[in-house]
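If you read the sequences in order, they're chains A and B.
Mapping the first sequence onto the working numbering, position 185 (from 1) lands on 185, and the numbers just tick up by one.
Just remember that the working numbering sits 1000 ahead of the position in the second sequence, which is counted from 1.
Treat the hints as calculated values from the structure; they're not laboratory data.
Hints should not be assumed to be uniformly reliable.
[Said to hold, decoys possible] Keeping only pairs whose Cα atoms sit at most 35 Å apart, straight-line, the calculated DSBU-like set for lysine-lysine is: (1) K163/A to K1128/B; (2) K209/A to K136/A; (3) K136/A to K1319/B; (4) K194/A to K52/A; (5) K52/A to K1128/B; (6) K185/A to K209/A; (7) K136/A to K1128/B; (8) K163/A to K52/A; (9) K194/A to K15/A; (10) K1128/B to K15/A; (11) K136/A to K192/A; (12) K194/A to K136/A.
[Claimed, not checked] Now the in silico label distances, taken between C-beta atoms and shown as ranges: (13) R1023/B to G62/A: 42 to 52 Å; (14) T69/A to M1042/B: 53 to 63 Å; (15) D64/A to S1152/B: 53 to 63 Å; (16) Q57/A to I1029/B: 54 to 64 Å; (17) T1294/B to L111/A: 38 to 48 Å; (18) G13/A to F1324/B: 48 to 58 Å; (19) A1138/B to D184/A: 46 to 56 Å; (20) F1324/B to R106/A: 32 to 42 Å.
It should be emphasised that the depicted structure is a prediction, and the values quoted were computed from it without experimental measurement.
Cβ atoms here follow ideal geometry from the backbone N, Cα and C, with glycine treated the same way.
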Amino acid sequence: MLEIRSLSKSFGGVKATDNVTLDFADGSLTAVIGPNGAGKSTFFNLITGALKPDSGQILLNGVDLAGRTPPEIVRYGIGRAFQVASIFPSLTVHETMLAAVCADQRRASVLHRRFPLAETRDRAEHAMELLGLVSKRNRVAATLSHGDQKLLDIALALVLDPKVLLLDEPTAGMGTEERWRMIDKVRELWEKQKITVVFIEHDMDIVFKIAPEIVVLCYGRILATGTPEAIRRNEAVIEAYLGSEHHAGAAI
Amino acid sequence: MTELQAEQAAAVPQPEAGLQRSRYFDVLIALAAFAVLAILPMLTGSKALLDFVIRCSAFGLFATSLNLLVGYTGLVSFGHGMFFGLGAYGFGLIMQRTGVPVPVAFVATLVITTIIAAVIGAICVRLKEIYFAFVTLAFQMLIHSTILSWVSLTGGDQGLRGGIPRPAFFGIDLSNHVHLYIASCALLVIGLLLMRQIAQSPFGYTLRMIRDNANRASFVGIDVWRAKLTIFVLAALFASTGGIIMALFVSGAYPEFAYWTISGEGIFINMLGGVTTFLGPMVGTVLLLILNDTVTRLTEYYGIVLGIVILFFAIGLRKGLMDFVVEWYTQRRNGPVE
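The shape of chain B in the complex, shown without the other chains:
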């Protein structure tokens, strides 16, 4: 490594700076966040705002789970959106066809996701960088075309129509807008807490070792393939949960949920928010959805505007927003870097 590289590395803030903080601190923050979100419906009658938070929950879980792969393990998946779609379709179909209670359908969807992610992961995680990216993308397209062509099951390009039944359970009625809102917030907060725990566990550090230097990790005694497969499946579960929230929200499932553009948006979100902090993707989600909602209202050239914003972050800042904020904060605290 040259001196210049070492200098650059020195300037990068330590993403793990807060590693000594206990998990109780995380739980406390999560509870506070949940409390704020939970009283929101009492403060405002705005249905649009609650809708916005529900969508943030769905995409936030999806994007944060993608960061477990991209940011923590160095696995850049271009097909992570397939599990988002799988969650939406799996849950929608189970509810429509079997009429089991919501929690049962939820668990069953996660079981199906686990099995499919394990099979796809077993094939993909052996591959190196660009091949991994492309093969995950190929599987995404495979699932998308299956959804399109298996009309009798999935409704083809029309999607799952006729609404998803949402019978009440434990006094929770998901067809009630506020109930659905609270349930989404709860899933988001619990999901983030679990992913935070994964990131800060010994396994989370195994992932960092693999990201930094997979070859060395294997000479420390780590089964790299197994660790990669494990995180691939775990990340799929959270993406699937995001898809379930989405299916509940729109009361249906559409082929776009499983299209590659969902994966692309996940990558966009991570670039916007940053991959070196745990909450970067969450910040990116809020940014992207705000952008999406405002820009589509103003112009039909949504793609161009979004592209320019991405270029600003990628070329201008050379990092996501949270990366930038954390770096700025660290430098301020430690004084200017000589």
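Just chain A, with the same shape it has in the complex:
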């Protein structure tokens, strides 16, 4: 269980995250939506340690992770993928996976053996299978298509066996068809791995179709949380964000 307690972060006078309290149940799939500048990415950056919160708690199974460094938080089991695919351009897909497993097994400083280590092979293989990257294993990451780079980024988070997986706009920069393929993949991963998945998404069609839980952020605050139906009907959300079009759609 991931519990966020009164989490706040300001930049200058701007409250990017304002007293956010939220629970993510184990094995839940949650979409975080909100207009540009709503503080969605900041929220992720706080949870993963990229930013230090001004106040509040981030409890993963009761352990407070607020203020810890990214490597520590990753070790506690919160993995993340980035809005712009964040990969290792000169490594192949396979090397990327093997090196990440190595780090997860605390073997990143091993000097006396040769890379790759035999005990990292199975997990690397498994992650590549999950993301459908097996046929591209020997491709250098920089030469992959945009979509495959996003998949590799997610694989990089997933190969660490996280309890919670945070995906910052997994469909960013993709065409309509590719978006749906990606989001089906995300849903499939969630079902197979039985982990907690939280993702940021702009496409409302996608959000309402696949996310059982939705969190709406606006100006760093939680505007609403709930099921797609509840969010669709929520007056505040409609006013601030969705507009009448979706409301009309929901009414039908």
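Fit chain B to the known structure of chain A by using the hints.
Same frame as chain A, now just chain B:
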């Protein structure tokens, strides 16, 4: 990433193409290389050639260790030469002042290097690119001026004079030219093998991750600061060993060994030889020393000639010699790139 960038990346050969090769293969190559070097004195009476190989050993270790920082970790140090100087002075001083056996002085010098590199590294590796480069350079200048001003210990601008005593140990007499030659070759081959092992170990791949994307590496659970500090100290040890060979060779130590131009030469060597292959810096060392020896014989405008050569590699080839060779070979093997 644009398509063009992806294309360019595709054209770059995989430096890690041979990663599956076992370490026994490396040992085999090292032994063969050592055997060739070891029989050289029997084939030729040329003292100049042996001297050349000794200098190649000193600078080769130094330049290859710099590539662990520049090529593998993305840490461009402009002050790596300080550890070369530290090795030369540390070893020379210990031998002159204490009279301990050579191996003891060797180990003691490496211990001192470890301590100083750990302190300097702890301050430097937190800094980003250009700041890292400049602060390492600043430390180099600090060590250089310390050597110049602490006359009672270091002899100031005169250097360590009076020769470094080289008592025989285990039947090895380093004041014998051939013995010194063999010992230098052995240190070079062992040093290269160890660095090769570092480069191909899991830690070596941790370094590549940091070079490619340090931020992502930290989200994979890697303590970036610790990894950078570790390689900074390890690289310093090999640079220091190069300095020790140099001190043995000239039987002294001079402030130039710790001057920033040594660091500059290290960078030159890496640009000449290339940073994407392990042996690139070694090839660069041989090239630079040949250039140095021939050009200084022909003209006093050594700097101009060297500058033109560097420009040729940097602007003409846009890479070092070994990068170029490997790329050419890969393209030939895989057929022309469409």
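**Report entry** Violated constraints from the hint list, given by number and in increasing order
**Finding:** none
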